[in-house]
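Model the full assembly from the supplied sequences, consistent with the hints where possible.
Chains A and B, in that order, give the protein sequences.
Going by the numbering used here, the first sequence opens with residue 1, and the numbers climb by one from there.
Going by the numbering used here, the second sequence opens with residue 1, and the numbers climb by one from there.
Any given hint could be a false lead.
Said to hold, decoys possible - One-sided and incomplete, this derived list gives chain B residues near chain A with beta-carbon spacing under 8 Å:
{"hint": "1", "residue": "Ala206"}
{"hint": "2", "residue": "Leu209"}
{"hint": "3", "residue": "Gly231"}
{"hint": "4", "residue": "Ser268"}
{"hint": "5", "residue": "Arg287"}
{"hint": "6", "residue": "Leu355"}
If you're looking for bench data, these hints aren't it; they were derived computationally from the structure.
In this text the structure is predicted, and so the values were computed from the model without any measurement.
A virtual CB, placed ideally from N, CA and C, is assigned to each residue, including glycine.
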Amino acid sequence: MAQGEVLLEVKDLHVHFPTPDGIVKAVDGLSFAVHRGETFGIVGESGSGKSVTNLTALGLINMKSAHVTGEIIFLGRDLLKLDKEELRKVRGKDLAMIFQDPFACLHPFYRVGDQIVEAILCHDSVSKKIATDRTVELLAAVGIPRPRERFRDYPHQYSGGMRQRAMIAMALVHNPDLLIADEPTTALDVTVQAQILELIEKVKQDFNIGVILITHDLGVIADVAQTVMVMYAGRGMEIGGRDLLFTNPLHPYTWGLLESIPNVTQKGTRLVPIEGSPPSLINVPPGCPFHPRCPHRFEPCDKEIPELMDRGGGHPEACHLTDGDKKRLWAQREERRRVVKAAAS
Amino acid sequence: MTETFTAAQTEAARHSVEPLLRAEGLVKNFPITKGIIFQREVAAVHAVDGVDFEIYPGETLGLVGESGCGKSTTARLITKLIPLTSGSIWFEGKDISKMNNRQIRPLRREMQMIFQDPYASLNPRKTVGTIIGTPYKIHKTEGDTKKRVQDLMDRVGLNPEHYNRYPHEFSGGQRQRIGVARALALRPKLIVCDEPVSALDVSIQAQILNLLEDLQSEFNLTYLFISHDLGVVRHISDRIAVMYLGRIVELADAVDLYDNPKHPYTASLLSAVPKGYEAAGAALTNRITLKGDVPSPIDPPSGCPFHPRCPKARIVSGSDTEVPENCKNEMPPFGELGTDHYAACWYPAGEGDDLQEAAHA
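So this is what it looks like as structure tokens:
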């Protein structure tokens, strides 16, 4: 699954926020690596720590109010050890980000083109003329029609999809090595979502970069990611190549997620939800954080935290069940789904 | 009087049973005015522009479309939460479109609504017991309110002992259960669900969908189910109506619509949905990616509202820039193209059409 060099490596990251009610363990012992040329999908429910992980990498959380330990190594340098000035030289240049809400990310008073020019001039001392030409080129590259005219438009004159395209253009101005996309299509309609996902894929290939795609939508992940990490309560539950993860998932939480999606079912067939609701990050259950909702929990689950590790097969996961049990239980679930599907059609 | 039908029976029954609700030519314009004292109407947002449909007792009619296509406005029109510009609504054979507020109030018992945002639709200063019990108070029903509220809470999967808690003490999924209990309080015939699961995580979404299905069979409910999520709509609906720019462009049986979409917009909408792991990989290549964005409902295109983006029109004209004259000039009629399968298109999609090719050309 890994093709190119390692771009970003996160090692045992903990991000804790002390609050009057207790310590919020937003990220609690997370490790993963992203390679050049791959789309690394991070999927999880709200509050699972997907966004905090990446905001920490970009130095966008308030370090005064958070307690951060671990390492985030980007191209050989630990981002957590850089000071503000050094981080500024990396952020927006080698490490770029696009956010969920393209309506909130562009300043409404400035022309879209000028905002992209500003992003270029931040890191490059080139003339404004050159920066303008480069902006027009990029706007064309991300599929904005008549880029020279649209350069002078204000954000409100752009539609949602075009704003997200402009944000992608802005992220690309310095040929970054890694693009972090935090729910880039969640605010968009499906037909526009399809356009933006295709654009991100094209950009990844044209610029030969790595992409981290954060989403709550397993359908989006299945379409575009090569490697997938499933997060729950601030921890990685399972990391695997897309095909492996979707055809042969090993963690009961992943099973539950896959079975909750109503994409292949029709009226009359029942969904299999995960019982209960995600835990509060202040009182994360002891042991495996998923054990209160897990139908297969057994004796060590509420005491020992299962390590996220590769038990053979290049597919690290964090679950106490034995390999044989996992295979058997997943096979049972597959069989049940097949029967339901056959009965429905 | 309400009977329930299985999906197979509905089709036969549809022709013999009176619809529970019938909407004819619904139009809603929101005027855009200029001037402070003398407000002149300079334009109008054509939010809903001539919508007809029927909802039969016991069925779930799904309403899908992208943002701004008029789904929620339609829901608000049929529940009489906002006044109509023109058109008529018949509920159980009575024309309710001309009724005033006083006349409509008794009918509100029969149609209730579940809203999208469980954080905004519950009053944060009232206890759960008060929120769910309010419908009984408004309609001055007899009986022990507290007992009935606790029965309801139990039925929707909330702990009845939490009667005196406030909404902020509940999670998103539990709040949506409170919303469901409130809608159910007066045993309505029709429940309009406006994006009831869009704000919830997938694992919780599945719980609420199962609950809605159980309640439907238990209380003989009829749903109008609005969502932008095509997977959810397919799961819960018997029939589905697809809206685009204030009009219904296609209406058909759920299975038929997904297997055999006639309107090019429906076909591209369905192909744009990420297919999930069962079809991973194949999905990207089979996708019909539409060009451009949805036009503004202030100034919708002439003729068929979809013609500026339609891949099929380009196949028919044989050119990437041209569309046929009738697409450009005349609104296509809402014709029956198969058994109970209606679509508003001059050139409905058929087998062998390479819409994907046309869209990518």
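Hints, verified against the model:
1. Ala206: Check passed: Cβ of B:Ala206 comes within 3 Å of chain A, closer than 8 Å.
2. Leu209: holds, 6 Å
3. Gly231: The hint holds - B:Gly231 has a Cβ within 8 Å of chain A, the shortest such distance being about 4 Å.
4. Ser268: holds, 6 Å
5. Arg287: Given a least distance of 6 Å, the restraint on B:Arg287 holds.
6. Leu355: Violated - the Cβ of B:Leu355 stays beyond 8 Å from chain A, reaching only about 13 Å at its closest.
When the structure is compared with the earlier hints, a violation turns up for hint 6 alone.
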